[in-house]
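Kindly produce the complete structure, drawing on both the sequences and the hints.
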Amino acid sequence: HWHPVRDVSAGTVRAFYSGSPVPSAPLEKTAGFVAIITLDPELGVLVDTPRLAL
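Its first residue numbered 1080, the sequence shown is counted upward by one per residue in the numbering used here.
If you are wondering where the hints come from, they were derived from the structure by calculation, not from laboratory data.
All of these numbers come straight from a predicted model, not from anything done at the bench.
Take these hints with a grain of salt, some might be off.
Unchecked claim - Here are the in silico distance ranges between beta carbons for each label pair:
id, residue 1, residue 2, range
1, 1102, 1127, 14 to 22 Å
2, 1086, 1108, 16 to 24 Å
3, 1083, 1124, 14 to 22 Å
4, 1123, 1103, 29 to 37 Å
5, 1092, 1132, 28 to 36 Å
6, 1132, 1090, 32 to 40 Å
Cβ atoms here follow ideal geometry from the backbone N, Cα and C, with glycine treated the same way.
Structure follows, in C-alpha cells:
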C-alpha cells in the first residue's frame, strides 16, 4: 500500500489517492496528508494536499 498522496491520473481523467492520514511510524514523512478536491466549472479540477496537524 502507499502512504503518500499520489496523482494516479490517466489520460484526461484526473484521479488522486489521498494517502494515509496517520503515519505508521513516528518518523514517517510521507503520511499525514489529505487530498481536498474542488470541482470548479470554470477552473476545472483543483487539488490541495495539506498536511494534518498530528
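Hint-by-hint comparison with the structure:
1. Checking the proposed 14 to 22 Å range against residue 1102 and residue 1127 shows it holds: the Cβ atoms sit about 20 Å from each other.
2. Evaluation of the 16 to 24 Å hint for residue 1086 and residue 1108 yields a pass: the beta carbon distance comes to about 18 Å.
3. Checked against the hint of 14 to 22 Å, the pair residue 1083 and residue 1124 passes, with Cβ atoms roughly 19 Å apart.
4. The supplied range of 29 to 37 Å is met by residue 1123 and residue 1103, whose beta-carbon atoms lie about 33 Å from each other.
5. For the hinted restraint 28 to 36 Å between residue 1092 and residue 1132, the CB-CB distance of approximately 32 Å keeps it satisfied.
6. At roughly 36 Å, the beta-carbon separation of residue 1132 and residue 1090 lies within the given 32 to 40 Å, and the hint holds.
The structure is consistent with each of the numbered hints, conforming to all of them.
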